[in-house]
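Undergrad: Protein sequences appear in the order of chains A and B.
Residue numbering for the first sequence follows our numbering, starting at 173 and increasing by one per position.
Residue numbering for the second sequence follows our numbering, starting at 295 and increasing by one per position.
Treat the hints with care, as some may be off.
[As the list claims (entries may be wrong)] The calculated label-pair distances, taken between Cβ atoms and stated as ranges, are:
no., chain 1, residue 1, chain 2, residue 2, range
1, A, Glu392, B, Arg671, 21 to 29 Å
2, A, Phe270, B, Asp329, 46 to 54 Å
3, A, Asp396, B, Glu519, 47 to 55 Å
4, A, Arg358, B, Arg674, 21 to 29 Å
5, B, Ala484, A, Thr367, 29 to 37 Å
6, B, Asp657, A, Glu331, 46 to 54 Å
7, A, Asp396, B, Asp659, 20 to 28 Å
8, B, Val469, A, Glu185, 41 to 49 Å
9, B, Ala484, A, Glu331, 41 to 49 Å
10, B, Gly353, A, Lys255, 31 to 39 Å
[To be verified] Using 27 Å as the maximum straight-line C-alpha spacing, the simulated DSSO-like pairs for lysine-lysine come out as follows:
no., chain 1, residue 1, chain 2, residue 2
11, A, Lys335, A, Lys384
12, B, Lys455, B, Lys652
13, A, Lys382, B, Lys467
14, B, Lys349, A, Lys384
15, A, Lys226, A, Lys255
16, A, Lys384, B, Lys467
17, B, Lys323, B, Lys724
18, B, Lys349, B, Lys586
19, A, Lys290, B, Lys467
20, B, Lys349, A, Lys382
21, B, Lys724, B, Lys333
22, B, Lys333, B, Lys323
23, B, Lys723, B, Lys575
24, B, Lys323, B, Lys306
25, B, Lys575, B, Lys586
Just so you know, the hints here were simulated from the structure itself, not pulled from any lab data.
Everything numeric in this text was worked out from a predicted model, so none of it was measured.
In this text, a Cβ means the ideal position worked out from N, Cα and C, and glycines have one as well.
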Amino acid sequence: MNATNTFQLDGEEIPFAPGQTIIQAAAAHGAYIPHLCWHPDFSPHGSCKLCTVKVNGRFGSACTMEAQPGMEVENRTAELDDKRRTLLQMFFVEGNHFCPSCEKSGNCVLQATAYELKMMSPHFDMFYPDRPVDASHPDILLDFNRCIMCSLCVTASREVDGKNVFAMGGRGILGRRIHINSESGRLGDTDFAATDRAASICPVGVILHKRKGFAVPIGERTYDLAPISAQVKETRS
Amino acid sequence: MSELETAASADKLRRVAIDPVSRVEGHGKVTILLDDQNKVHQVRLHIVEFRGFEKFIQGRPYWEVPVMVQRLCGICPVSHHLAASKALDMMMGVRQLTPTAEKVRRLMHYGQILQSHALHFFHLASPDLLFGFGSDVAARNVVGVIGAHPEIAKKGVLLRKFGQEIIRMTAGKRVHGTGSIPGGVNKSLAPDDRAELLKDIYQMVAWSREAVGMIRGLFEQNLAEYNEFGRFPSAGMCLVRADGAMDLYHGGLRGRDIDGNTLFDHYDYGRYWEVIEEDVKPWSYMKFPFFKSLGPDEGSYRVGPLTRVTQCDSIPTPLADKERKEFMAFDGGSVTGATLGYHWARMIEMLHAAESIKDLLHDDDISGHDLMATGQRQERGVGVIEAPRGTLIHHYRVDENDQVIRANLIVSTTHNNQAMNTAVREVAKKYLNGREITEGLLNHIEVAIRAFDPCLSCATHALGQMPLEVAIVDADGTVIDEATRDHRGLTHEIHEAGQTP
Numbered sequence: 173m174n175a176t177n178t179f180q181l182d183g184e185e186i187p188f189a190p191g192q193t194i195i196q197a198a199a200a201h202g203a204y205i206p207h208l209c210w211h212p213d214f215s216p217h218g219s220c221k222l223c224t225v226k227v228n229g230r231f232g233s234a235c236t237m238e239a240q241p242g243m244e245v246e247n248r249t250a251e252l253d254d255k256r257r258t259l260l261q262m263f264f265v266e267g268n269h270f271c272p273s274c275e276k277s278g279n280c281v282l283q284a285t286a287y288e289l290k291m292m293s294p295h296f297d298m299f300y301p302d303r304p305v306d307a308s309h310p311d312i313l314l315d316f317n318r319c320i321m322c323s324l325c326v327t328a329s330r331e332v333d334g335k336n337v338f339a340m341g342g343r344g345i346l347g348r349r350i351h352i353n354s355e356s357g358r359l360g361d362t363d364f365a366a367t368d369r370a371a372s373i374c375p376v377g378v379i380l381h382k383r384k385g386f387a388v389p390i391g392e393r394t395y396d397l398a399p400i401s402a403q404v405k406e407t408r409s
Numbered sequence: 295m296s297e298l299e300t301a302a303s304a305d306k307l308r309r310v311a312i313d314p315v316s317r318v319e320g321h322g323k324v325t326i327l328l329d330d331q332n333k334v335h336q337v338r339l340h341i342v343e344f345r346g347f348e349k350f351i352q353g354r355p356y357w358e359v360p361v362m363v364q365r366l367c368g369i370c371p372v373s374h375h376l377a378a379s380k381a382l383d384m385m386m387g388v389r390q391l392t393p394t395a396e397k398v399r400r401l402m403h404y405g406q407i408l409q410s411h412a413l414h415f416f417h418l419a420s421p422d423l424l425f426g427f428g429s430d431v432a433a434r435n436v437v438g439v440i441g442a443h444p445e446i447a448k449k450g451v452l453l454r455k456f457g458q459e460i461i462r463m464t465a466g467k468r469v470h471g472t473g474s475i476p477g478g479v480n481k482s483l484a485p486d487d488r489a490e491l492l493k494d495i496y497q498m499v500a501w502s503r504e505a506v507g508m509i510r511g512l513f514e515q516n517l518a519e520y521n522e523f524g525r526f527p528s529a530g531m532c533l534v535r536a537d538g539a540m541d542l543y544h545g546g547l548r549g550r551d552i553d554g555n556t557l558f559d560h561y562d563y564g565r566y567w568e569v570i571e572e573d574v575k576p577w578s579y580m581k582f583p584f585f586k587s588l589g590p591d592e593g594s595y596r597v598g599p600l601t602r603v604t605q606c607d608s609i610p611t612p613l614a615d616k617e618r619k620e621f622m623a624f625d626g627g628s629v630t631g632a633t634l635g636y637h638w639a640r641m642i643e644m645l646h647a648a649e650s651i652k653d654l655l656h657d658d659d660i661s662g663h664d665l666m667a668t669g670q671r672q673e674r675g676v677g678v679i680e681a682p683r684g685t686l687i688h689h690y691r692v693d694e695n696d697q698v699i700r701a702n703l704i705v706s707t708t709h710n711n712q713a714m715n716t717a718v719r720e721v722a723k724k725y726l727n728g729r730e731i732t733e734g735l736l737n738h739i740e741v742a743i744r745a746f747d748p749c750l751s752c753a754t755h756a757l758g759q760m761p762l763e764v765a766i767v768d769a770d771g772t773v774i775d776e777a778t779r780d781h782r783g784l785t786h787e788i789h790e791a792g793q794t795p
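Same shape as in the complex, but just chain B (with noise of 0.2 Å):
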């Protein structure tokens, strides 16, 4: 169990909340315990994620799924879409998808990878760093981000839509298509479209760069903050390709422990369960996975941007391997460990999949015409794919009449559960501890979680406008402190002590 996890005794501890934490997908909350001098004793980030899926997709036909579980989510339904997809070409006995299938899937891949750290990085983490974890919260969204920089916030609406068109064009709609079907695509990639993103494909290329660049800068501007910040060492896990690339669609999977020692590699991602089990703690809904050759309570690892561009030998586009290796080398290698390490590797991702969606364009496979493939089936298949947050494992049993009988989702937070606890843990011990809780402080705290992009379930709030409710309570109840802020984001209300709110 790891330090600050579970409080000695929560007798006479003070309990402030920050519910919901805001500008990530979803919801979830952090409670904190502070002793009388505002020394932290407990810290858990707690996700109130339901895995209904799992239970009601039992009965459905296997064939409707990829289409039903990409209903976890509005920001990343592709992810889901695919992984199910993979895992049920797996059950249909499709060991090798047409070139066209395999291609149209991977643009609509990388058109949501697009998409997805596009909006993160614009929309929900740039108040943050451009305005500063503490800065005035009426300012720190993406309106005052419009405000303030125009023209970054132009730039991050347009790669975002550009993104979300390559999944309407390969999937029918913005989001929630029907694209990807087990044993291949449904349509391939129409010439009109075709031309259509080739027009737009080399500014998102040159605005991607720049947003590489754009990050690299406020790590030079703020390098002992960013690279302290929330920092811990991490195992990591990711996928592969067989020579060791990055490979957001497909691979084998590569793992190591916090001293960069390989626990496994190119692994069959098809026995997944050999490598990583899941525990169960009780204070949580979600479980926390780990390495099984390390246990529970050393075998904590994460995934994301960040493990995939440290942990790959290269990135097979150049303008993104290069991006990479300048990355990797940067102050010697220092930010490679760093929480916020991770919008620096997103943005390379960001870069990587714009280079991908120009080559695929080039291809005139992915106009074709032979979508389907078939093979001999079998009982179970399981389907892995880099999402935009991080590893995600599709695992489904079906019976003799097409029925599934049984699902297992591992979704990218629950990887990262363990890393966002342990990073809000850094963070409240070198921001909190014996200081007066204020709304910047405690967004501090959301910045760590933030970095992970944790996507804890339909995100269907107003960004940057969650409501936030802090109380500190004292050890028989009353609410002795507490801070709130609307719905519009902009009223910071203290309570004094002793008043009943």
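Next comes chain A alone, as it looks inside the complex (with noise of 0.2 Å):
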């Protein structure tokens, strides 16, 4: 690696290959950028706007900006993570998010992130969105109520599954939603399987395998055991 290729991440050296994005190079480098659509393996879709930085001064997206020698990246800031808290806060009253009773609780991406960010309350109005439940597929459960749009199940069935089941349709908030590529629009009706790698994609409780619900105690669950923050490598599955 060419010793020039190094950023500046909260006053830290970060190093990075040509064509990384900044998000890539510091989770490589196990510093932690907040984020919820963004994952390793897929490219980056750039929707949650979590992962914002400032670089050299202006705002960027850490998952689609390509990382610069040179750069002086501002993550951890209170000026970002107050942002980052209110864009949070407008995530979970847009769907229905009752974690007290939601088996992926402990699992959970949106909540661990909110833990990480100190949310202490959704703070708007909640909108309470009528979001059926698709159980009609023999091994999966969708509860559309806490999608956040993130797209990764999208991207997963496509590029990796070559299924193509879920696809992003609808305008505006109440308006735009994952729809099921069936002619029925429900997942019983695709080819969808539970060994699907969009069946373990989700970073909310949408996507869940039936009859699992809280088989994982307390205590041992993903983000039980440490802050995400510290769990750079990404553990959604």
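Take each chain as given, in its own frame, and dock them per the hints.
TA: What follows is the structure, encoded as structure tokens:
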């Protein structure tokens, strides 16, 4: 690696390979940049904006911006974390996120990020959108109440599974949602399988393997063990 | 319809309301109609319980239910957690849990019984019992108990803490954990946790014995008053083990009428609707269950510690069984029908829970690794458990997509609805009739309600400090007398007749 291929992340020297994005280089170095829709195995989507950093004084998405030598990147500053907290609050009120009875609790990237950023309340009025559950598949349950529109399932199904089971569609906060590519619009009428990569990519509690529920006890769940910032290598599956 | 349920004519009667009732879990109110001579014509206990859970779990996946429904309550969530799990065991076709799973669930349940009974007796009921029903309201609360009887208060706190720790170790959290899942449990008791509990359990058993002695002593000192207070003959229902012994986790239903005749015994709770039914009254949000064979007017019954201790043939732990025998024989058996006998029975059960915890901690299965069982899937499941306050019924139907399509929950306090109404009517007749209303007299009504330890909804209030407002309104709606107690439980304020508050 060229000795000049480094940038500063909150004052820390981060090496990078040409073509790496800021978040890729940071993750490879073990540095945490808060994010929701980015996943190291997939091309960036750039939609959640939680990874917004300040590069040489200007805002940019760490998941889409390529690292450049000598960049000065601000990440975990009070200003940026405050804005991230507001974004998180908007995610929480746009969906129906009831952590107390959600089986993804403790393994949920949204919840873990909210803890990391010390989000103490939703702050905004809840939208309470009407998002029916799709339980038609024998092995997988879809609970759209918790969808954050990260589109990771869309990408995984298309790029890894080669199935195109999911698609984003609609407009507006309440109109935009994940669609199922079957005539009935139900997952049970697709060739989706529990072994698909898309079946284990969801960072929140939308795509769930049926009849697992709360099999992992409190204390042994992913983010019981360490906060998300200490687990930079992705453990979403 | 029982006497004093509905006045012959409400015209020209004054209405006194105790709203909310204090030192109970959740919110309830009592309304009393009096005539010009303060003769009581109508007494009703209203409980504003919203049972939305039955509706909003429809459509949810069944494995989520034990965790979701426990949010009904912050005091006895374990009971709902386990009742739902048992119902879904049945739905999954699991007829027998693994030994470890059943023992871990029992441990969790006995921890819950211990902490809930300790909370009720030491924090909620003891101010009345130690200081007197009509004593100075400023001291008649848990803070007063801490000041006057610090050792008693301390034991109450530590007993509760011990129970809460058991729940944390088996369910992951002190309140609203996830330990029990359909078909079994997600963890057993860790060896370190087991050792930690074993260090203290003998102290807990000893303190529980002392608590039984304490309530017995109070009965001995105040026998006539305690025995007659809110007394009425009642039928009863509880679970019993196959041999007739007390079993708070599992068994068959035993129902007896007011004369002690057995109406059904070892009845399969999976068909509970064949023996009980729920009546509806226009003045209450809560239903009134009754024994089908006796009908709605004669079929009301009570559940909970008093029924369990008096209807079981034995208690399967030696110290508690010895106390049960003494309780049954005390004063010729008179206390077995006393409303305040609930307190004594509750402490016997707390002792039974402590002894059962001790036994389970010495059983190696409690730290075993075989946690889950499987079976042939069914369409529906019923789970019944003896919660701290009485028989708790959960009933679910699940469709082929694993979604709940119907739910029915009959909580302990619902079974006791008619019994609590009867008890407060008895107290009102004896203590309020023809007398000027005072805070102390109204507290007698609350003492009767507290004996049942009703769980009216999630408990979020400050114990002993609930605001209380009593207004006497004449026939044309004018407030002629009012007593209020603020959130500190200290202020007592009387408005002159004719003033508008």
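Undergrad: Work down the list of hints and note, for each, if the structure agrees.
TA: Going through the hints against the structure:
no.: 1; hint: A/Glu392 with B/Arg671: 21 to 29 Å; result: holds, 28 Å
no.: 2; hint: A/Phe270 with B/Asp329: 46 to 54 Å; result: holds, 50 Å
no.: 3; hint: A/Asp396 with B/Glu519: 47 to 55 Å; result: holds, 52 Å
no.: 4; hint: A/Arg358 with B/Arg674: 21 to 29 Å; result: holds, 25 Å
no.: 5; hint: B/Ala484 with A/Thr367: 29 to 37 Å; result: holds, 33 Å
no.: 6; hint: B/Asp657 with A/Glu331: 46 to 54 Å; result: holds, 53 Å
no.: 7; hint: A/Asp396 with B/Asp659: 20 to 28 Å; result: holds, 26 Å
no.: 8; hint: B/Val469 with A/Glu185: 41 to 49 Å; result: holds, 46 Å
no.: 9; hint: B/Ala484 with A/Glu331: 41 to 49 Å; result: holds, 42 Å
no.: 10; hint: B/Gly353 with A/Lys255: 31 to 39 Å; result: holds, 36 Å
no.: 11; hint: A/Lys335 with A/Lys384; result: holds, 25 Å
no.: 12; hint: B/Lys455 with B/Lys652; result: holds, 16 Å
no.: 13; hint: A/Lys382 with B/Lys467; result: holds, 24 Å
no.: 14; hint: B/Lys349 with A/Lys384; result: holds, 23 Å
no.: 15; hint: A/Lys226 with A/Lys255; result: holds, 12 Å
no.: 16; hint: A/Lys384 with B/Lys467; result: holds, 20 Å
no.: 17; hint: B/Lys323 with B/Lys724; result: holds, 20 Å
no.: 18; hint: B/Lys349 with B/Lys586; result: holds, 26 Å
no.: 19; hint: A/Lys290 with B/Lys467; result: holds, 21 Å
no.: 20; hint: B/Lys349 with A/Lys382; result: holds, 22 Å
no.: 21; hint: B/Lys724 with B/Lys333; result: holds, 10 Å
no.: 22; hint: B/Lys333 with B/Lys323; result: holds, 20 Å
no.: 23; hint: B/Lys723 with B/Lys575; result: holds, 22 Å
no.: 24; hint: B/Lys323 with B/Lys306; result: holds, 22 Å
no.: 25; hint: B/Lys575 with B/Lys586; result: holds, 17 Å
When held up to the earlier numbered hints, the structure conflicts with none and fits them all.
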